[in-house]
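Asker: Start from the sequences, fold in the hints, and give me the full structure.
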Amino acid sequence: MKLNLLVRFMIGFFLLQSVLSSAEEARPLQADVVVEAQVQRLSEELRCLVCQNQTIADSHAELAQDLKQEIREMAAKGMSDQAIIDYLVARYGDFVRYRPPLKASTLLLWLGPFALMLAGAIGLVVMLRRREKMLADKPLTAVEARKVRELLDKDS
Amino acid sequence: MKRFLLPLIIFLVMVGFLAVGLHLDPREVPSPLVGKPAPAFDLPLLDQPEKTFSPKQMLGQVWLLNVWASWCVACREEHPLLVALSKAKLVPIYGMDYKDTRAEAQQWLNEGGNPYAANAMDIDGRVGIDYGVYGVPETYVIDKSGVIVYKQIGPITEQVLSNKIMPLVERLQAQ
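Chains as they are written, first to last, in this note's numbering: chain A, 5 to 160; chain B, 1367 to 1541.
Do not rely on the hints blindly, as some may be mistaken.
Said to hold, decoys possible - Okay, derived cross-link-like pairs now, BS3-like style, lysine-lysine, Cα gap no bigger than 25 Å in a straight line: (1) B:1368 x A:137; (2) B:1530 x B:1510; (3) B:1368 x B:1455; (4) B:1453 x B:1510; (5) A:107 x B:1402; (6) B:1368 x B:1422.
To be verified - Examples of chain B residues lying across from chain A (beta carbon under 8 Å, computed): (7) 1395; (8) 1396; (9) 1495; (10) 1500; (11) 1512.
Said to hold, decoys possible - Counterexamples of contact, computed for chain A against chain B with all Cβ distances above 10 Å: (12) 36; (13) 44; (14) 135.
Calculated from the structure, these hints are not laboratory results. Cβ coordinates follow ideal geometry from the N, Cα and C atoms, glycine included.
Answerer: This is how it looks when you write it as structure tokens:
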């Protein structure tokens, strides 16, 4: 009976704690919701230059935090996505974008995989054709025919 | 023999690519700022907070802008080189103290020597963003008309200094 009371007390305690801790989170204001959505959208498109393989949204590097703050301020001023991305590209180059633009210098990056796939497909077709030719029925030569007969006769 | 030729060629091509890849530094991102005017700023000086430094003041001179911080480990590597360069009085070096505190920066310069003609304090890192700073130390070579001609990402080495920066500075100074 005593244990039961203790369990109940503990459950109550944890429930209370979860209520209290969720109450601590600040609710964003209505105007901020649009800005925050834009910040989130943009920071998923932008590379953290310190960690390189993370987006700004994922990174906890100090520069990523600073850039997020910078984006937030620009977004609050009402700048468009494109204007903000242009601002950062002017400073950090195309590398800051997670999706690089299609340009002469990035052509290999964009088309390379397709070119490799095409080369693989052509190679496969050539190989299959060659194998088909090898497997095609060819009449046996006289020597081969005799050998076959000898082998078959031996068995029986 | 012929059936081994193709795999061998593919292997050698791959080795070639990997060998080149080994010598590339992925941290070196080409800066779009090279060839463009150095972004303007007006920041308080480290030792005289009431005065400010602005790249405009340097028009007509070739100069180096070195971004550093007292918390930056790699800055310690290049610091003796900067001190030696400043003693040779070949080119003025201006510092931008990036996301640092005055007290720590002062202490750092007292310990390692001060190669800088002046230091601008970029405490919140705003100007650093304008310069595309992402890994301290970074050094910019700026010409007489205020255009960035070269950007060194990471510490300056003796090799970089004698092979790249100094020949460039001499050429720009002669212009």
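Asker: Run every hint past the structure and note whether it holds.
Answerer: These are the hints, each one checked on the structure:
For a cut-off of 25 Å, the pair hint linking residue 1368 of chain B to residue 137 of chain A stands: about 19 Å separates their Cα positions. Distance restraint check for residue 1530 of chain B and residue 1510 of chain B: the Cα-Cα separation of roughly 18 Å lies within the 25 Å cut-off, and the hinted pair is therefore satisfied. Between residue 1368 of chain B and residue 1455 of chain B the alpha-carbon distance is near 65 Å, which puts this suggested pair outside the 25 Å criterion. The suggested pairing of residue 1453 of chain B with residue 1510 of chain B holds, with an alpha-carbon distance near 21 Å, which does not exceed 25 Å.
Distance restraint check for residue 107 of chain A and residue 1402 of chain B: the Cα-Cα separation of roughly 21 Å lies within the 25 Å cut-off, and the hinted pair is therefore satisfied. The suggested pairing of residue 1368 of chain B with residue 1422 of chain B is violated, with an alpha-carbon distance near 68 Å, which exceeds 25 Å. Interface hint at residue 1395 of chain B: satisfied, since its Cβ lies 5 Å from the closest Cβ of chain A, which is below the 8 Å cut-off. The beta carbon of residue 1396 of chain B is positioned within 8 Å of a beta carbon in chain A (closest approach about 6 Å), and the interface hint is therefore held.
Interface restraint check for residue 1495 of chain B: the shortest CB-CB distance to chain A comes to about 6 Å, inside 8 Å, so the restraint holds. Because the beta carbon of residue 1500 of chain B sits about 4 Å from the nearest beta carbon in chain A, less than 8 Å, this interface hint is met. This hint is violated: residue 1512 of chain B has a C-beta 17 Å from the nearest C-beta of chain A, more than the 8 Å allowed. With a least beta-carbon separation of about 21 Å from chain B, residue 36 of chain A lies farther than 10 Å from that chain, consistent with its non-interface assignment.
Residue placement check: residue 44 of chain A keeps its beta carbon more than 10 Å from all beta carbons of chain B (closest about 19 Å). Every Cβ of chain B is farther than 10 Å from the Cβ of residue 135 of chain A; the closest lies at roughly 14 Å, confirming the non-interface assignment.
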